[in-house]
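These protein sequence lines are chains A and B, in that order.
If you read the first sequence in the working numbering, its first letter stands for residue 1, the second for the next number, and so on.
If you read the second sequence in the working numbering, its first letter stands for residue 1001, the second for the next number, and so on.
The hints are simulated quantities; they were obtained by calculation from the structure and are not laboratory data.
A portion of the hints provided could be inaccurate.
Unchecked claim - Part of the chain A face toward chain B, derived, beta carbon under 10 Å: (1) Ala68; (2) Gln70; (3) Tyr71; (4) Pro92; (5) Leu98.
Stated by the list, open to error - Quick list of in silico lysine-lysine cross-link-like pairs, DSS-like style, CA-CA up to 30 Å: (6) A/Lys67 <-> B/Lys1009; (7) A/Lys42 <-> B/Lys1009; (8) A/Lys56 <-> A/Lys42.
Unchecked claim - Pair ranges (Cβ atoms, derived): (9) A/Glu45 <-> B/Lys1040: 18 to 28 Å; (10) A/Arg77 <-> B/Lys1067: 41 to 51 Å; (11) A/Glu45 <-> B/Pro1061: 38 to 48 Å; (12) A/Ser20 <-> B/Asp1038: 35 to 45 Å; (13) B/Thr1099 <-> A/Asn7: 17 to 27 Å; (14) B/Asn1057 <-> A/Ser20: 17 to 27 Å; (15) B/Ile1055 <-> A/Gln31: 14 to 24 Å.
Glycine included, every Cβ here is placed at the ideal spot set by N, Cα and C.
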Amino acid sequence: QKEVEQNSGPLSVPEGAIASLNCTYSDRGSQSFFWYRQYSGKSPELIMSIYSNGDKEDGRFTAQLNKASQYVSLLIRDSQPSDSATYLCALPGGRRALTFGSGTRLQVQP
Amino acid sequence: DTAVSQTPKYLVTQMGNDKSIKCEQNLGHDTMYWYKQDSKKFLKIMFSYNNKELIINETVPNRFSPKSPDKAHLNLHINSLELGDSAVYFCASSGPQETQYFGPGTRLLVL
Chain A
1 QKEVEQNSGP LSVPEGAIAS LNCTYSDRGS QSFFWYRQYS GKSPELIMSI YSNGDKEDGR
61 FTAQLNKASQ YVSLLIRDSQ PSDSATYLCA LPGGRRALTF GSGTRLQVQP
Chain B
1001 DTAVSQTPKY LVTQMGNDKS IKCEQNLGHD TMYWYKQDSK KFLKIMFSYN NKELIINETV
1061 PNRFSPKSPD KAHLNLHINS LELGDSAVYF CASSGPQETQ YFGPGTRLLV L
């Protein structure tokens, strides 16, 4: 059973700060990693995917992957109140479904 | 245009009733999924269909029966609803890449 662990939070950061969201996983063979954002009452939406060790940047978002440590993180620079949401880490769980972590709730304080 | 749509958006019903949720995607994807998100926001796979063929059937009560009439549609029928079935049910689809696109969700409340 593949497991994905996230701190449920809430993680509270002031506006303009860097928010750092972390995720660990149990399956050493995992090759793909996804970060989804879910606003309250809405569906998950993909914001980042990462497949290789190192950093991947997209605008204010940076995903970091360390396969040796089985660790993937998401950094949000210049955090805005509109970034307040639950961030879900996910990886393929077999036969194309995704296994999700429980999510970290981020609150950006104005 | 909505990529993945679900109906109904809200469903309030009594215990013991039978209900269906419908899902349609216009992305041309081959694979569709049903996920359940419980009150603690944990999102878990229930079923997956690839080209109308069931490929994932997780440990779900057999009161839940998915049906895929074609590649673009995946429906979920639930018999004899129980209080514990109250949750948000999300449909999703994916193409050759692993990225999944989610529908807006169906909020089911069983009274």
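Structure-based check of all given hints:
1. Ala68: violated (22 Å)
2. Gln70: violated (18 Å)
3. Tyr71: Hint violated; tyrosine 71 of chain A Cβ to chain B Cβ min 20 Å, cut 10 Å.
4. Pro92: holds (6 Å)
5. Leu98: Given a least distance of 6 Å, the restraint on leucine 98 of chain A holds.
6. A/Lys67 <-> B/Lys1009: The hint is violated at about 39 Å.
7. A/Lys42 <-> B/Lys1009: holds (11 Å)
8. A/Lys56 <-> A/Lys42: Within the cut-off at roughly 26 Å; holds.
9. A/Glu45 <-> B/Lys1040: 18 to 28 Å: holds (20 Å)
10. A/Arg77 <-> B/Lys1067: 41 to 51 Å: Holds: the Cβ-Cβ distance is about 45 Å, inside 41 to 51 Å.
11. A/Glu45 <-> B/Pro1061: 38 to 48 Å: violated (29 Å)
12. A/Ser20 <-> B/Asp1038: 35 to 45 Å: This hint is violated: roughly 27 Å between Cβ atoms.
13. B/Thr1099 <-> A/Asn7: 17 to 27 Å: This hint holds: roughly 25 Å between Cβ atoms.
14. B/Asn1057 <-> A/Ser20: 17 to 27 Å: For serine 20 of chain A against asparagine 1057 of chain B, whose Cβ atoms are near 37 Å apart, the range 17 to 27 Å is violated.
15. B/Ile1055 <-> A/Gln31: 14 to 24 Å: Roughly 19 Å apart at Cβ, these two residues keep to the hinted range, so it holds.
Hints 1, 2, 3, 6, 11, 12 and 14 from the list above are not met by this structure, while the remaining hints are.
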